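Participant: Chains as they are written, first to last, in the numbering used here: chain A, 1 to 377; chain B, 378 to 913.
Hints are computed from structural coordinates only; laboratory data are not their basis. Quick caveat, the model's predicted, so the values are computed rather than measured. Careful: at least some of the hints might be erroneous.
[As the list claims (entries may be wrong)] Here are some chain A residues the structure puts well away from chain B; computed CB gaps all over 10 Å:
1) L38
2) F129
3) T264
[Stated by the list, open to error] DEER-style ranges, computed between Cβ atoms:
4) A:P140 with B:T637: 35 to 41 Å
5) B:G740 with A:E28: 43 to 49 Å
6) B:G493 with A:V359: 22 to 28 Å
7) B:A880 with A:V153: 53 to 59 Å
8) A:P31 with B:P772: 37 to 43 Å
[Claimed, not checked] Residues from chain A shown here face chain B by an in silico Cβ test under 7 Å; the list is partial:
9) A81
10) L193
11) G195
12) D218
13) L262
14) T265
15) W267
16) G291
17) G295
Note that beta-carbon positions come from the ideal geometry of N, C-alpha and C, so glycine has one too.
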Amino acid sequence: MSDLRRPPHDGRRSVQRRVTAAREFVDETPPTALAAGLVGGLALIGVLVGFLVQSPLTVLALGAFLAAFAYGWLRHQALTARAMTFAMTASTILVLGLITVFIFAEAWPVFEYASGTVFGVQVPGLELFTTTNWSPVSEPIGYSLAPMIHGTVMVTVVATAVAGPLGVAAALFIGEIAPPTVRELVKPGVEILAGIPSIVYGFIGFTILSPWASEAFDLVGQGTYLFVGLVVGLMALPTVVSVAEDAINSVPESMKSGSLALGTTDWQTMTAITLPAASSGVSAAVLLGVGRAIGETMAATVMLRNSPALPEPLYNAFYGYETLTSLIAARYGDAHGLQFNALFAAGVVLFVTVLALSVGSQIVEARMERELGGNQG
Amino acid sequence: MSGATEYDLVREDTSILELGAGATVGFAVVLFGFGLAGLFELVAVTESVAGVQLPRLLGGLLTLASAALAWFGIASHRGLVPTDPRPSAGVVAATGAAGVWFVVGGLVGSQTLGFGTVGWLALALLAGAGGFAATALPREDLGTTLPVAALTGLGGLALLTGVIGPNWAWSPVGLRATFAAPIAIPIIVLFCSLLVGWAGAKAYGGFGARGRHLGAYALVYLNVLAILGVLVGLLAFVFTKGAPVVVQGITVGPGVGPETTIRLFGFAHTVVWPVDWPFVMNGVSLYAEVSGVLPAIVGTVWLVVGAVLFAVPLGVGAAVFLAEYAEEGRFTQVVEVATNALWSTPSIVFGLFGYAFLIPRFGGSKSLLSGMLTLGFMLLPLVVITSREAMLAVPDEYRDASAALGVSKWQTIRSVVVPASLPGVITGVILGVGRIAGETAPILLTMAGATEPSAAETADVVGGFALSTSPPFVTNPALLEATSALPYQLWAIISTGVGGDAAFGWGTALVLLVVVLTFYAVGIASRTYFRRKLHE
Chain A
1 MSDLRRPPHD GRRSVQRRVT AAREFVDETP PTALAAGLVG GLALIGVLVG
51 FLVQSPLTVL ALGAFLAAFA YGWLRHQALT ARAMTFAMTA STILVLGLIT
101 VFIFAEAWPV FEYASGTVFG VQVPGLELFT TTNWSPVSEP IGYSLAPMIH
151 GTVMVTVVAT AVAGPLGVAA ALFIGEIAPP TVRELVKPGV EILAGIPSIV
201 YGFIGFTILS PWASEAFDLV GQGTYLFVGL VVGLMALPTV VSVAEDAINS
251 VPESMKSGSL ALGTTDWQTM TAITLPAASS GVSAAVLLGV GRAIGETMAA
301 TVMLRNSPAL PEPLYNAFYG YETLTSLIAA RYGDAHGLQF NALFAAGVVL
351 FVTVLALSVG SQIVEARMER ELGGNQG
Chain B
378 MSGATEYDLV REDTSILELG AGATVGFAVV LFGFGLAGLF ELVAVTESVA
428 GVQLPRLLGG LLTLASAALA WFGIASHRGL VPTDPRPSAG VVAATGAAGV
478 WFVVGGLVGS QTLGFGTVGW LALALLAGAG GFAATALPRE DLGTTLPVAA
528 LTGLGGLALL TGVIGPNWAW SPVGLRATFA APIAIPIIVL FCSLLVGWAG
578 AKAYGGFGAR GRHLGAYALV YLNVLAILGV LVGLLAFVFT KGAPVVVQGI
628 TVGPGVGPET TIRLFGFAHT VVWPVDWPFV MNGVSLYAEV SGVLPAIVGT
678 VWLVVGAVLF AVPLGVGAAV FLAEYAEEGR FTQVVEVATN ALWSTPSIVF
728 GLFGYAFLIP RFGGSKSLLS GMLTLGFMLL PLVVITSREA MLAVPDEYRD
778 ASAALGVSKW QTIRSVVVPA SLPGVITGVI LGVGRIAGET APILLTMAGA
828 TEPSAAETAD VVGGFALSTS PPFVTNPALL EATSALPYQL WAIISTGVGG
878 DAAFGWGTAL VLLVVVLTFY AVGIASRTYF RRKLHE
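Construct the entire structure; sequences and hints are all you get.
Facilitator: Below is the structure:
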């Protein structure tokens with residue numbers, strides 16, 4: 001599809017075409033609009049730079065931008081609107097870029113500190129993952145993230161085991177099984193489940209679930225990966241349901257009716273036609289759910305022990321210590337120096353992981369759309 | 378395998394045998410209910426009812442269910458029951474059975490018989506393979522019923538004979554955790570009744586395609602019921618715990634409430650409220666009868682207002698560009714990936730970003746403004762995604778009709794596309810606001826102020842504006858100070874030790890829940906309304 005739309009072209013011709021298009025644009029546009037656009041654009045860049053270097057003169061650039069914008073809006077509204085909406089679109093990329101730059105920059109010192117050597121090559125940040133000692137204050141000092149990564153993995157595995165199958169089944173129910181009136185009831189219900197703030201889950205977990213689990217299983221102290229995982233799974237469930245339901249709904253009706261016309265039961269159609277056709281979208285849904293589970297902060301922070309350690313044995317889900325998210329939330333207050341940079345390193349790990357999951361799920365979804373030949377509904 | 382009954386198109390009469398299978402399912406439902414009640418400690422499973430120990434009673438019921446199931450499978454195999462089984466129960470069911478029997482074999486080997494790793498692994502593999510073979514090899518009616526009946530029978534007999542009695546406890550080696558009877562018995566009952574329910578539903582449908590359909594539907598319906606049950610349970614629980622705290626001391630009458638003075642650039646106007654609602658109108662105070670969460674409510678309101686003012690114009694503008702101006706290409710792809718990535722970025726990462734990026738630029742300390750912008754960054758991708766979808770959903774006929782009138786593209790966008798997409802945009806914004814209003818992690822690092830704010834610490838943003846002669850010309854100290862918000866206050870209650878003040882916490886949780894769910898309810902209702910209008 002995309003090959004048809006964009007024929008292969010050699011670079012030089014495309015550049016030439018762009019230059020011609022730009023020249024035509026400049027020729028056709030009134031000079032006052034061009035001037036206002038130039039001033040506005042430069043002023044906007046000035047605002048950005050001024051804000052980044054914390055200059056008090058930022059406000060002047062802002063004023064210049066507003067003046068240029070006001071002039072453009074009054075005299076050349078259409079052009080101004082187009083330029084402004086473009087700038088707004090670019091700002092979404094800018095925000096992602098700023099997040100990347102700033103958390104990497106803040107994390108860098110600890111990456112340098114914890115660099116390790118592999119085959120004689122210095123790899124920054126290696127010891128964050130290969131050692132297991134987190135001890136920012138007392139000797140021996142160490143900033144290992146391994147215990148927290150282990151905790152995040154434990155919580156995510158339990159959460160995915162809950163949210164994956166239950167979420168896909170609920171999506172099937174909403175998309176295929178439920179009669180319309182029931183669907184109208186269940187769908188908002190699942191959405192409201194997504195609306196319950198994580199700190200409320202955390203409060204219930206902290207006051208009710210953790211003490212109960214500790215007593216019922218006769219544990220030493222409070223905080224288990226198992227129950228944090230269950231709660232986080234419940235929180236990731238709505239994400240899985242809504243994305244998977246979209247995928248199931250996007251399977252063309254003709255495919256389903258073709259199967260039903262052969263005399264299959266609804267369930268046979270679902271397992272043999274709908275789910276395989278929607279499999280990419282459903283896996284994207286589960287991936288997004290995993291991303292939600294990894295990034296969930298408050299429930300984990302208030303329900304875990306917040307002391308970085310590895311449980312014994314490693315698969316012991318009845319003892320929960322710390323996750324990457326809870327490390328940041330529990331320690332931002334009294335951390336400084338390298339320890340603070342280490343919190344940002346935890347943020348980098350989270351950010352990169354979830355970014356990879358998000359991009360991965362988008363690639364998977366794009367494949368599904370290609371396979372089904374677009375949304376024919 | 379009598380062909381005459383197999384190919385009946387319509388099953389008319391409910392035979393006694395179907396009644397039997399139905400009764401098995403009913404049995405499973407009752408047992409499942411018992412299991413749930415036991416797990417939530419509504420019924421003490423270790424006690425006795427009419428002289429019979431409850432575990433023995435449950436064990437007896439499980440054994441009966443198991444026997445009924447096994448009998449049904451054998452009867453179907455012998456052709457005594459008109460069913461329509463396939464040659465095999467299928468790989469999915471067999472894999473499930475293998476998994477269950479692997480665990481059972483491993484547990485029995487390592488815990489009951491005390492084998493070493495090699496020993497229990499061998500037994501587990503053997504049991505798993507046995508479960509797989511027993512499910513996959515025989516005809517579907519036997520393969521479905523017998524392995525489930527065997528497992529349920531095992532559990533039932535263990536309970537019936539008192540092997541797992543009221544004083545039973547099991548401490549797996551090395552886990553430092555104990556499974557005692559009050560937990561283990563409900564879990565056994567729940568699990569077995571789930572399997573019996575599935576197999577019973579399959580039997581009720583006469584196996585084959587129809588049986589599998591019923592079996593699967595039973596599980597899917599149960600799953601949805603469980604999700605809704607959890608939802609209703611959670612909400613009801615927070616309401617019953619929080620409501621008594623929240624409604625304390627409400628009085629209604631002219632002039633009973635507190636005074637509110639609104640100041641803006643020197644003008645002042647005072648209003649006296651006709652309602653006194655201490656929990657939402659007081660701050661935390663040792664002297665007041667009822668401590669309240671007013672500063673947190675006001676903080677949350679301002680956070681939402683700030684985030685919306687920042688993110689909505691930006692996001693809607695970006696959506697206009699993406700939906701109307703941009704041609705599909707590299708740039709739109711990058712934007713799409715970036716917005717989706719932003720949407721799934723963990724909230725705590727936004728908090729870190731706000732801490733590193735905004736705080737040094739707004740006076741070096743945590744502030745309301747930093748919190749607003751951080752939440753605005755979080756809201757932005759959602760606004761872009763939903764607004765773009767809403768604009769793409771506007772039919773092209775609208776645009777064509779407008780263009781046919783000789784109207785320029787921008788005017789078409791302004792007076793046709795944007796108004797037509799407004800319901801979708803507003804719905805998206807409301808749902809997004811519901812999400813950010815409950816966020817704790819980002820404001821923890823960017824805005825969090827006093828943990829127990831008094832009424833005097835309520836942020837006065839409107840009254841804080843003042844003009845000055847030096848850049849940046851407009852100042853507002855209220856925006857640059859840290860303040861509280863509902864989710865942050867709840868976190869503060871937890872982190873300072875909930876000990877004496879759990880009730881205050883439940884009250885705060887209820888207010889937060891009501892605020893957030895109101896946004897959601899309004900958003901969902903408006904979406905339903907506009908969708909219905911669109912389809913009319």
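Participant: With reference to the structure, classify each hint as holding or not holding.
Facilitator: For each hint, the structure was consulted:
1. L38: Correct as stated: the minimum Cβ-Cβ distance to chain B is 20 Å, above 10 Å.
2. F129: The assertion about F129 of chain A holds, with a minimum of 19 Å to chain B.
3. T264: Violated: least Cβ distance 7 Å, not greater than 10 Å.
4. A:P140 with B:T637: 35 to 41 Å: violated, 57 Å
5. B:G740 with A:E28: 43 to 49 Å: Since the Cβ atoms of G740 of chain B and E28 of chain A sit about 47 Å apart, the hinted range of 43 to 49 Å holds.
6. B:G493 with A:V359: 22 to 28 Å: violated, 45 Å
7. B:A880 with A:V153: 53 to 59 Å: Violated - the Cβ-Cβ distance for A880 of chain B and V153 of chain A, about 37 Å, lies outside 53 to 59 Å.
8. A:P31 with B:P772: 37 to 43 Å: holds, 38 Å
9. A81: holds, 5 Å
10. L193: Constraint on L193 of chain A satisfied, holds at 5 Å.
11. G195: Hint holds; G195 of chain A Cβ to chain B Cβ min 4 Å, cut 7 Å.
12. D218: holds, 4 Å
13. L262: At about 11 Å, which exceeds the 7 Å cut-off, the nearest Cβ of chain B leaves the hint on L262 of chain A violated.
14. T265: holds, 4 Å
15. W267: Result: holds, 4 Å to nearest chain B Cβ.
16. G291: holds, 5 Å
17. G295: holds, 3 Å
The structure does not agree with the numbered hints 3, 4, 6, 7 and 13 stated previously, though it agrees with the rest.
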